[in-house]
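Generate coordinates for the entire structure from the input sequences, incorporating the hints supplied.
Chains as they are written, first to last, in the working numbering: chain A, 1 to 231; chain B, 1 to 336.
These are computed hints drawn from the structure, not numbers from a lab. No experiment lies behind these values; they were computed from the predicted model shown. Each residue gets a CB set at the ideal place from its N, CA and C atoms; glycine is no exception.
Derived CB-CB ranges, DEER-like:
#1 A:N46 with B:S250: 35 to 43 Å
#2 B:F244 with A:V15: 27 to 35 Å
#3 A:V15 with B:H300: 39 to 47 Å
So the chains spell out like this:
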Amino acid sequence: MKTELTPSLRLKAGVTTLVLALLFVHHFVFVVASTLPASPLTSDLNRHIQHYVFPYFGQRWNFFAPQPIERTYSLVARGGYTDATQQFSATPWSDVSKPLVDEVRGSRFAPLSLVQLGVANTVVEYMGIVSKTKLGLTPDPNRPGRYMIKSPIDPRIAPLDLLYLTRTAAASLEHEYPHRKFEKIQIAISIHAFPRFDHRFDKDDPNSTAVTFLEWQAMPDVTQFVNGGSN
Amino acid sequence: MSKRFVLTCLDRMITFLFIPRRLRGVAIIRVVLATTVLSNMLSHFREWGYLWGNNGVLPFATFHNFNQMRHSFSLYALSSNDKYEVFIFVLGILVSALFLVGWKTRITSVLFYVFTWSLYQRNPFVLDGGDNLLYLFAFFLMFVKSDRYLAVDSSPEVDSGSHLPAILHNFAVAAMVLQLMILYTSSGLAKATGHLWQNGTALYYVLQTDEFNMSHWSVILWKSTAVVTFFTYATILYQVSWPFLIWYRSTKLAMVSGAVLMHLSIAYFMGLTWFSIIMIGAEAVIFSDDDFVYYGRTLHMLKDHSHSYVSGVLRRLGSVPAIPGRPQSSIQETEV
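Pasting the structure below:
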């Protein structure tokens, strides 16, 4: 297709190209800066990055980098209720993560795949913050590898992640015990450190699992799963 | 530098930009992204209440505060009425379907971006890297002509009066390519700084975590030190070389084949199916329309050669009549 470039068309096209080129450069300068590791340059640009890049062009491409996760995190939960003798009782611990993972293992297009992804994302992020900050993390002196977070609603420890995990656990428990009226819920995160590469043929060490418990909380009212996803 | 020289360069650049490029690639991306969103919405329709509902995993008040804190926008934030939320969700399904079939893409591309962004903001906890690329590409798709191919409503040829949309289209296509380059480079460089990637064992740790250990066959991979080391290093090498090797016809096919193999393995062994589909689909933007014609022609030639070879063998065997060759007219010529 051959086009006759008249002066007015040339001017119009030239100005459009110039404006788009400037927008293009502006966009990618800030996008690239947002993906760079922390440096004097990125801290200088930080205010502009925050304003321009987030949330609409936010991106994180460090898949499994710089280090892949070296342990498996699982969300476990138990429900508390008043039994027939008017005593407070608790269900056994239920693994919330495993049935969801099994579901996806059965079918890559499982209707619970987004539920599983949400739990996996949140557990990893929450434990990342907890282990980095050590906020509220109290080791149990009598039980090695057992920790307690006394104040789960501590605003410094990603309360939104915690809310997400608690509500997911509540939905899972209600699916598992459809006829039980729970008053409280306790969640915990089990952290299983699998063998290092050099020891990958060794038997799994049962002591390699640490558990971080959170205090009992009021049972939230959540829409439960429709599909499987329970033990 | 004379004024004439500058004007000639300017004219060349402008006439280059007057022709919308990579129309087939963006059409493929449109289909892949719309299929992904549509399939996820349909397959999770029954879990709508838990995933996106007002009484779901993120209650409306929490979502609303979170949304405001992030200075973000979502159609789901406009009302906490259950019927309204379901209506927006169903409308989102309809918009994705229309965009998938390529109906009025000037409008449906904008609606697709708005509805997909809104859904993603309603529950950002269920997003992965594929969704991240999806919403970035969905933004650029608003500015491209994605309906020239694989669409029920193909737009007319660009005439002399509509050059400015063509310039916009080409900038958006360039942005998609650059976005992919940023993705691969930053991912590769981030890996290169990690000691488990440096010592060649990172793949083992990835495959050992429960949520990414989706196949019993992964043991075959991590059993062998050589295999683990090879794939760990190959991943870094592939990612950092991607931006340099997509510019030549001889290497870009190898890069895309590498991407397809890598992401199919990720889908199978790690269960990140939609992530892999998005990443494979996104590769379409690195092929020019000429490339598609060239590869199409090569494929036809290979087919014809194999036909005539098979027919020759059969003739010699004397068992069946010769298979007629494919008529040359079946090869499509394009303007780009």
